[in-house]
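J.: Letter by letter, the chains look like this.
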Amino acid sequence: MSKRTIPRLLQTPAVILLLLWMLVPLSMTLYFSFIRYVLNSLRKPEWTKPAFSNWRGFGNYEYVLNAKDFWFAIQNSLFIVGSILVLTVILGLALAMLVNRSFPGRGIVRVLLISPFFVMPAVNAVLWINMILDPVLGLNGIAVEGLNSMVAGLKDFPVLGAFFSLWPEFEPISFRATQTSAYAVIMMVTWQWTPFAVLIFMTSLQSEDESQKEAAILDGAGAWSRFRNLTVPHLARPIAIVVMIQSIFHLSLYAEIEIVSRGNGNKNLPYLIGEFTSNNIGAASAAGIFAVILANIVAIFLLRMVGKSLMD
Amino acid sequence: MAVIDQTSKFGKVFWPLLAWTVALIFFFPIFWLVFTSFKTDADAVKPEFLFKFTPTLENYTNMTENYDYWRFAINSVITSTFATLFALFVGVPAAYAMAFNPSRHTKDILVWMLSTKMLPAAAVLYPMTFLTKNYLGIFDTHFLIIVVLSLINLPIVIWMLFTYFKEIPKEIIEAGKMDGVSTWGEIKDILIPLAWGGVASTALLCFIFCWNEAYWTVRLTTTDAATLSKLIEGNRAPEGLFFGRLSAVSAAAVGPIVVLGWFCQKQLVRGLTFGAVK
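Residue numbers (this note's numbering), protein chains in the order written: chain A, 4 to 315; chain B, 8 to 285.
It should be emphasised that the hints constitute simulated quantities derived from the structure, not laboratory data.
Glycine included, C-beta positions come from ideal geometry on N, C-alpha and C.
Take the hints with a grain of salt, since some may be wrong.
[Stated by the list, open to error] To be clear about the criterion: a stretch of chain B counts as covered by chain A if any three or more of its residues have a C-beta under 8 Å from a C-beta of chain A, and this derived list gives those stretches:
1. 32-42
2. 67-73
3. 95-104
4. 133-145
[As the list claims (entries may be wrong)] Below are the DSSO-like pairs computed for lysine-lysine, each with C-alpha atoms no more than 30 Å apart in a straight line:
5. B:Lys59 - A:Lys52
6. B:Lys273 - A:Lys216
7. A:Lys158 - B:Lys59
[Claimed, not checked] Listing some non-contacts, in silico: residues in chain B with all C-beta distances to chain A over 10 Å:
8. Phe17
9. Trp77
10. Ile85
11. Thr88
12. Ile179
13. Gly183
14. Gly187
15. Val188
16. Ser208
17. Val225
Based on the provided sequences and hints, a complete structural model is requested.
T.: As structure tokens, then:
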């Protein structure tokens, strides 16, 4: 037995398991994406069993590309992911800077800030859409109603009343509607993932070279210029990592979409695949392959960065 | 740093105050969830009872009748625990070998493992359902959920362990080898005691991720192996009538995990950035 045998044996179970986990379902998806395969068909019962004789070539891909829902889902996926990224990075940077200085109760502030990240996505969505954003029973509705009755009260004042009587009745926004449900998803996911960004940025800020900063202060550099010229370059890599990790997670966002609107007018790619899966497996598989391609574009960049830092 | 302190008097009060305010805003939804769970369903939807109400525990005592909470909770505990144990069982030896006997390919293997994590779950939804239902007959079983949860977290587990193990000086392991300790002995008597903290926080984080998983646990179960994610997802739209009881069951589902999370927030960075942010 050579010196290398034992280490290899120790890795083998992990490698084999992951290989099976990746290759078996994915190759089935690839196969299904090239055949006609539906779960129910009275007219063509032969299509309900996967078989090579039902070969369709790129037909499923064509079908998916021509489905109007597909482009909408891609667009919506990108819109949701993009908005979440912008919000979490900006909020995360600001909060990390804020918490990075020492002050009384900093430990508790950190604990409070990080908590949303550990809430299970299903609870997050149910909590936000019902108890916070609901236009009648949630805090959203209660707050708008409170505002309306306050304005109504102010109308009785002398002079000022004339001004307030010009104000309209406010209407709470319904976040279950087609146009707004994406915003609800963005809000709840931003709430959940900003703590993640804060945590990463904070860790990185603590490794910042303090002596360099002090030198900059002695040279008369202002707070903004120090942030711009020292902190931002130092944070470039953590920002890139936060962006990529979140992209991968949020491209497969599912529970939130399902709970907020059941995908009604607010589909993303995973949701659309789920819909196709209820009957048209061929189309679901083709859409799945597109999702894999989309995720890979992001993954390649992330893996490069991670790989670089691996051995030093 | 003590030499130069530029913060003005105003800043000394203002920034901490702002930090506290933001932290409280972020925590508010969780507070609100717990707060609402002490109201009756009728009180929970009345604005006039926003803060004025008689707290009650009935939502918690009735969780079993209302939602069959414990059945789902026990499923969550079983699947998350065994998935974590299985991931460690496979992951510890692999990470050990990679950290102490790296070969030319170790880096590639690690990066490849990570790439399996990036496969969108939705893309393989149907094959998974098809295989587990029609061929293997393990759809909606604890076994299936345990295997799936441990496999989706295995790359993170191996990565975290790898970064911890790499911090252990090689000489200690080599000294053990000189004394004729077996490989298993090395892992058990030298590595695990030294890396205990790392292994524990890896396990904790893996458990949290398993607990919160909401795609496979929802799509690959119906009743027998359904977890808390499935329970909450199934009660997504109570139409306002059951805010109290829904809050209680949600708070019970996330409370323990949020508290566990507080203890491993530092390790979270390592686990989620694969050691790329230090």
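J.: Which of the listed hints are broken here?
T.: When the structure is compared with the hints, numbers 2, 5 and 17 turn out to be violated.
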